[in-house]
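Asker: Below, each chain spelled out in residue letters.
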Amino acid sequence: MRQDNIAIRTQGLTRYFGHNAALRSLTLDVPRGQVTALIGHNGAGKTTLIRMLLGLLPPTRGRAELLGCDSQSLTPEVRARVGYLAEGHFLWGWMKARDAARLQRETFPRWDQTLFDSMLEFFGVAPHSRVAQISRGQRAGVSLAMTLATDPELLVLDDPSMGLDPVARRAVVEGLLAFARRDDRTILVCTHLLDDVERLADRIAIVSNGRLLVDAGLAEFRERIGGWMLDAEFGSQQAAQIPGLIDLRQARGRTHLVVANHDSETEAAIQRISGTARREDLTLEDAVLAYLRPAAMVGSISEALEHTR
Amino acid sequence: MLELRVTPGGNRPIYRQIIDQVRQAVATGELAVGDALPSVRQLAEELVLNHNTVAKAYAELVREGVLESQHGRGVFVAKRRRVYSPGETKRRLDQALNVFLSEALTLDVAPRQIEEAVANRLEQMTAKQQSSEGE
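Residue numbers (our numbering), protein chains in the order written: chain A, 1 to 309; chain B, 310 to 444.
These are calculated hints, taken from the structure and not from any lab test. Among the hints, erroneous ones may be present.
Which chain B residues face chain A? A few, computed with CB under 7 Å, are given here [to be verified]:
| no. | residue |
| --- | --- |
| 1 | L313 |
| 2 | P317 |
| 3 | N320 |
| 4 | I323 |
| 5 | Q326 |
| 6 | Q330 |
| 7 | V357 |
| 8 | N359 |
| 9 | A364 |
| 10 | A368 |
Calculated Cβ distances over 10 Å to all of chain A for the following chain B residues [to be verified]:
| no. | residue |
| --- | --- |
| 11 | P322 |
| 12 | E354 |
| 13 | L358 |
| 14 | Q379 |
| 15 | H380 |
Negatives, chain B to chain A, calculated, CB over 12 Å [said to hold, decoys possible]:
| no. | residue |
| --- | --- |
| 16 | R325 |
| 17 | V349 |
| 18 | A353 |
| 19 | L356 |
| 20 | K365 |
| 21 | L410 |
Positions of the beta carbon are idealized from the N, C-alpha and C atoms, including for glycine.
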């Protein structure tokens, strides 16, 4: 990819807290003009990654670039082109919804008051209502409006739908989609809500234990992760012969396998174990869980936990 | 008007769900040759989806020859033409049969009854298709 098609680039980005690695040598390109969903356990390193991208936390090793500018030395001009929505939608309770606009207008030269007003309306927030007195979903609406109306080129959101009811959740998704439809806007969104990911994302990145396990287009990811069902249970030695195995569950005399980058070799290896093995359709959740579940077997399958690029 | 519904969380990716439903609407005559589809933007808004997902589904349907894109005017149901080799056509037919028959057989109905149901529905569908093409 050409440099100017990349909104976020990290190279070997690593961060330790004491002796604990929160992020281990993460190399990731987030393309411009697309929605990338960042998925992982709580504590997988997603928030650490976001804080380093925004220059709020220095890396132990490696580097990160935002819109072509090193995260450690972001200029005010670059910062003004980046929208960041922190986890939890923090707002001062005494503030009125319309005052939130005043706060931003002075800092962001491209402030879009019309967009701000229509977002408040969309979330059903009266401009004169006090932030402490509106619902959690409405507060999410105010903070989303504050961010989107700065008209950012790059939008970084840390779990924007956490704790929201289904109505507010849908409103967040609709707001983000409407924003993404404007030309060339990039979104990096951290979330646990896989149904929202299916509606929103062009790409997914899966992070576990501080490592990047998957970085792929959503459609490509689903095509590359395949499920198989075998009418037998078998030992880990046999399983180790299946290339690309990422998950294995055995129950009621059956084995369910999840395999990455399956090809004729994979199929042959599976058929050698059981001639009656058959393909099994997977949901996005199945495929993501296969990566995030603690490995059913150690050592032999660690090789499979490679990037599916 | 064409009614599409998509469900996240299913074992078919959303763009596949769109492809399946448009194909079916064309096969049953619900959509006739020359009918316009909603624009990518309209459908993405209506279904609350990333517009690239809708664009991907349309692109695949155009590649398959189900739809055709007329520059600047939008996307329309295409005249049917053969797009697969005879071998590929047979492979796809077998695949469709397997899905259908394995589901039908789990219902524990007599093979005879399945044959009759297929013949009847085939007659209905082709009649509808011919009438929509004759318009």
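Asker: Does each hint fit the structure? Answer for all of them.
Answerer: Here is what the structure says about each hint:
no., hint, result
1, L313, "14 Å, violated"
2, P317, "4 Å, holds"
3, N320, "4 Å, holds"
4, I323, "6 Å, holds"
5, Q326, "10 Å, violated"
6, Q330, "16 Å, violated"
7, V357, "6 Å, holds"
8, N359, "6 Å, holds"
9, A364, "11 Å, violated"
10, A368, "11 Å, violated"
11, P322, "5 Å, violated"
12, E354, "8 Å, violated"
13, L358, "5 Å, violated"
14, Q379, "22 Å, holds"
15, H380, "20 Å, holds"
16, R325, "9 Å, violated"
17, V349, "10 Å, violated"
18, A353, "7 Å, violated"
19, L356, "8 Å, violated"
20, K365, "7 Å, violated"
21, L410, "15 Å, holds"
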